[in-house]
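All residue numbers for the sequence shown refer to this note's numbering, where the first residue is 1 and numbers rise by one.
Hints should not be assumed to be uniformly reliable.
As the list claims (entries may be wrong) - Within a straight-line C-alpha distance of at most 27 angstroms, the following computed DSS-like cross-link-like pairs (lysine-lysine) qualify:
{"no.": "1", "residue 1": "Lys86", "residue 2": "Lys73"}
{"no.": "2", "residue 1": "Lys86", "residue 2": "Lys199"}
{"no.": "3", "residue 1": "Lys52", "residue 2": "Lys86"}
{"no.": "4", "residue 1": "Lys52", "residue 2": "Lys73"}
{"no.": "5", "residue 1": "Lys86", "residue 2": "Lys188"}
What the hints contain is simulated information worked out from the structure, not anything from laboratory work.
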Amino acid sequence: MRCGVALLAFAVLACSTPALAPSGPPARAVRGAARNVILQATDVPADYVLEKDDEMSPDDLANGLGITPPVLKQRLAFGYIRSFTKGGDPFVCCVIDSILITTADEAAATTTANDFRMRAIDLGSIQIDLGEVIGDESRAFTFQQPTADSVLLTLTVLFRYANVVDAVEVTGRVGSFERTYVLEFARKQAERLRADAEKR
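I would like the entire structure built from these sequences, with the hints used as guidance.
Pasting the structure below:
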């Protein structure tokens, strides 16, 4: 009997107490078009020219992450890549890339960043420490690719900001640029994402 009274009292209390509205600020999110929030020509040295500026197909993005297009669809994931090159023949330095992936929310972006990291390692990248954290889930990688007359080095800074994952990369011959060079562009990319998120 005592148990029944207790349950009844709890039910009455639950019905009579108004539900509390969620508190706190809304989750930050980047909502601008990818082409507008990705690294811009003004973010790289004046002697670099635009080499690539494209949306990524679902198949290309899924393959790059080591997942399937249906998984991308669940996350509302969309990829965009922009590359700048200094050119030169023979090529020495450098190509600067930003690979930007927008997703539904922070949880989807966190999972996507982890997929990117695992895929990079599977393909032979080595995780390193550049001594600076950019955004959230910040990681850095190095990848070397022998060519006919040299070795190309790609340094990547992978990070998440809100619902976006970004990989900023610099590629050039070994010894042609400092490792910290990539951080300069990663900072600028993170700032563009932050500025967009704070508009709303």
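Hints, verified against the model:
1. Lys86 / Lys73: violated (35 angstroms)
2. Lys86 / Lys199: This hinted pair is violated, its Cα atoms lying about 33 angstroms apart.
3. Lys52 / Lys86: holds (13 angstroms)
4. Lys52 / Lys73: Measuring from Cα to Cα gives roughly 24 angstroms; hence the hint holds.
5. Lys86 / Lys188: Given that 27 angstroms is the threshold and the Cα spacing comes to 19 angstroms, the pair holds.
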